[in-house]
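Novice: One letter stands for each residue in the lines below.
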Amino acid sequence: MPVRVEREKCTACESCIGVCPYEAIVIKEGRAFINEYCQMCSACLTVCPEGAITEYEEGNVPAQDLDSYRGVWVFAENRNKMIAPVSYELLGAGRRLADTLKVELSAVLFGGTAKDAEELIKRGADKVYFSDDPIFETFNDEPYAGLLAALVNTHKPEVLLAGATAIGRSFLPRVAAKLRSGLTADCTGLEIEAETRNLVQTRPAYGGNIMASILCPRTRPQMATVRPKVMKKGEYDPARKGEVIRVEAGGLSSRTKVLESVKDISSGKVNLQEADVIISGGRGLKNPEGFKLLSELAALLNGAVGASRAAVDEGWIGYSHQVGQTGKTVCPKLYIACGISGAVQHLVGMQSSDYIIAINKNPEAPIFNVATYGLVGDLYEILPLLIKKLKEIKEK
Amino acid sequence: MDYFLTEEQLMIKELSRQIAEERVVPVREELDEKEEFPWEIMNVLAQSDLFGLFIPEEYGGLGKGSLELSIAVEELSKACLGVSTTYAANALGTFPILLFGTDEQKKKYLPDIASGKRLVAFGLTEANAGSDAGGIQTTARKDGDSYVLNGTKQWITNGGEAEIYTIIALTDKAKGARGASAFIVEKGTPGFGFGKKEKKMGIRASATRELIFEDCRIPKENLIAKEGMGFIVAMKTLDSSRVGVGAQGVGVAQGAFDEALKFARQRVQFGHPIVSFQAIQHMLADMATEIEAARSLVYAVARFMDSGAKEFTKVSAMAKLFATDVAMKVTTNAVQVMGGSGYMREYPVEKMMRDAKILQIYEGTNQIQRNVIAQNLVKEAAKPK
Amino acid sequence: MNIVVCIKQVPDTAEVRINHETGTLIREGVPSIINPYDMHAIEAAIRIKEKKGGKVTAVTMGPPQAESALREAISLGVDEAVLLTGREFAGSDTLATSFALASAIKKLSADMVICGKQAIDGDTSQVGPEVAEFLGIPHIAYVRKIVELQDNSIKVERMMDEGHDVIEAQIPLLLTVVRELNEPRLPSLRGKMAAKKADIKKWGAADIEAPAEKLGFSGSPTQVKRIFTPEPRGERKMLSGSAEEMVDALIKELLQKKCL
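Chains as they are written, first to last, in our numbering: chain D, 1 to 396; chain Y, 1 to 385; chain G, 1 to 260.
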């Protein structure tokens, strides 16, 4: 909502100026004035001690015929010839939203098999729109976006969710542009606003420094990509029944062509972003040999190995392991940071982990501000002990 | 203090500072430890147009003067003297061509120097001719359309890495001071080789080597100016480059001071940060004052040179002398302020102290600088009023 | 080859601090920079120009202060710059932003558009693909390597969640790029001098022939309902004792919390 300053109430204390992320407030004739660079984030409204900043309706913006849109849709991702786990998380969240809205939950599956489609039903979908056209065997943005948008136009769901994965974040924006509707990226929270049936989408912004709640009140469908490993997976009911609808994919083409898909073998069997346990190493390892120790612990806990930017820049491990602002964002149950100082850029990539364990020689390291359990000491002393004791427990 | 630099000079300062902080500081420790030539940083300087600062626009440069060059050298020196020496020695080697070269010679060599494509080195010093430059023994014998060089140059900065060398050699031993000439010799010329790389106390990133000439034949077109002009070329070259060495002194002193001040504010002893103790405060005050005085002198001399002055030997010697003595004093005191930590290689100041020493020695020892200043004082006093 | 690079001036989010009392950002004193991913896009565009000839134009949509980002791009070697600015663009979400940028790019007849993967303030990574859709050209996201570039086609490596794909595509197209692609250069002196003198084109809605209802707040289907600071992490415990004691304590806690 657009905001403005009620001049009579303003005392020019400048509290609003200090918090505006867009530098849109200036003092004009002794009072605060919000200019056109305002992005309507309402931060100023929150801090004004005089309550001098208020929202107002601007003009008449025609809304679409919202009521004709019904249903919650989930885009199930087929990756490496199997359903990506995030799809089940989407069904979990989707089921919850559909039940609140009292509508159907449908899944869309491109590629994969009819059996995969059945699995989606067992995880909570009432319907599955399915195409196994060969064009979907590899991921290309145009055919995926083309068919999904066409299906949405035909069936008009009010909510469309996809995983905030490499695939989801690449092609959903094209769908949003085709449909001219709102898309919110990397959501960590989804709720229904009872009075309006609007989907409230909560997501991190500003490098993870703030959370924003987003609405898409005037258009449909309301689209969101959802961060993996945040939502609960849909309950599995082998007896659940639903409808698998095969869709025609004719007339689709792609101006890009995947020549080959290369798996990063060094990342091991466990994908960093899907892992429940991540053991991460930073500059404190002092040399690449340290990662052997981390791999041992990771194997023991069925986890993946991560790294801070410092370790990657030193050449000790590949970029695909990098966690942080310019690397991957992860959300495991357990994150063990070894020899990582905890610079903001790294924290942004892992601070939503359930449990964080930090091992560092320096008691002042900022990582200890976010660690659930902090151990000050030499990781080369602590980790071997940890590995030894865990092995003992496993044997029992 | 505001030195009223122009917008362009501020641009040069800002860019040099950015390069120093983003590309030099992160690698200076490793370059020093491995005695590695800073090729990557030279490439960055080339791409940023810094090699062409003082080369006329018609030859591909930016046509700026000594002050601009000094500003760039100062910023680089704050980060690492090894890197700034490599850069500054390039200018030293270029001055003979710049000041005395023919248009053909300038056209042939200056564009590649300005673009940083080829590095340059200046070859004067020999085993028997350091301060006594007149004692050089390398000969250049005229033979038809060529000169044949024989002899060895010692301790040449950028030796082995540079592709263009400006060499002072004897063309007529009998003529004494009028018996030397300046030449351009390119790397790869048969008979031109290099000795081993020297292991030094400081500026270890800078490459220092012997140049060995064994019947090295060069075309007569490579003679700079005229036969017999060699020492004049050398003296004028050193006149022009001295202020740059002064700028190196100011830079390394400032870098060391900044580290010492930062440390003094954090280090707590007897319950207080050591910067609150008068002993430390007096040291820091003296250091800061000396640096500012050195900078003022270097900038003033550079401005004087850029104004078109014909005679600046005395003042450029003063700038070199003062700023380099300050550099040694300040870097030593920076280590002292930081105490035990200052002595550890983990902190940058011990390297700065090791690096700074050479500034009092090369391009004319500070004893020679004093001689030069005194001679000029006497000469000026003897002039009729 | 005519290349357009979309850039954004953003606050250096690594330096942003939170006022925990009011739950708001402290924007004061945080420097504005070119979005780091866009620096890689600029570098990629300049390298292509150096190899193939042509022109690189930087485009940004923002308040007047965004002009400094465009001048910085010129100091790196970009040839021309366009600033989309004006009241009509205020309150734009990604869709309205992408529409505006695409309308501007249509006026510049680009063979290739290069964007950074995402902006470090919005973090959406949506603008690149949306701009491609509005321009009617294909896009390839998260490009980490340009394998081959011909006049009409390109072969790249696209980063995926577990590795990478090798993709071939026709030009014109749009690329979004990641850090791995290149190391951005520093400005040159000539570049800085050119940047000072450069004439930055300033365009409004009329210049890009975009209808008002598709721009700014009116053209934005998404709106911010509110912003708040994330909850500080709850339980924090420092373990103590010898290495062995700490490890024992840790395992005990983790078993209790059913983490193992």
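FYI, nobody ran anything at the bench for these hints, they're computed from the structure. Each residue gets a CB set at the ideal place from its N, CA and C atoms; glycine is no exception. Among the hints, erroneous ones may be present.
Derived EDC-like pairs (lysine to aspartate or glutamate); straight-line CA-CA distance at most 16 Å [as the list claims (entries may be wrong)]: (1) D/Lys328 with G/Glu235; (2) G/Lys196 with Y/Glu7; (3) D/Lys81 with G/Glu162; (4) G/Lys237 with D/Glu364; (5) D/Lys389 with G/Glu162; (6) G/Lys145 with D/Glu260; (7) D/Lys286 with Y/Glu346; (8) G/Lys225 with D/Asp276; (9) G/Lys237 with D/Glu55; (10) D/Lys389 with G/Asp248; (11) G/Lys225 with D/Glu364; (12) G/Lys258 with D/Asp354; (13) D/Lys263 with G/Glu245; (14) G/Lys197 with Y/Glu8; (15) G/Lys155 with D/Glu260; (16) D/Lys388 with G/Glu244; (17) D/Lys388 with G/Asp248; (18) G/Lys225 with D/Glu260; (19) G/Lys257 with D/Asp354; (20) D/Lys388 with G/Glu245; (21) D/Lys391 with G/Glu244; (22) D/Lys391 with G/Asp248; (23) D/Lys333 with G/Glu253; (24) G/Lys197 with Y/Glu7; (25) G/Lys196 with Y/Glu8; (26) D/Lys257 with G/Asp248; (27) D/Lys333 with G/Asp248; (28) D/Lys389 with G/Glu253; (29) D/Lys389 with G/Glu245; (30) D/Lys257 with G/Glu245; (31) G/Lys252 with D/Glu260; (32) G/Lys196 with Y/Glu346; (33) G/Lys258 with D/Glu191; (34) D/Lys394 with G/Asp248.
Examples of chain G residues toward chain D, derived with CB under 10 Å [claimed, not checked]: (35) Lys52; (36) Gln223; (37) Ser240.
Novice: Which of the stated hints cannot be reconciled with the structure, identified by number in ascending sequence?
Specialist: When the structure is compared with the hints, numbers 1, 5, 8, 9, 11, 13, 18, 26, 27, 30, 31, 32, 33, 35 turn out to be violated.
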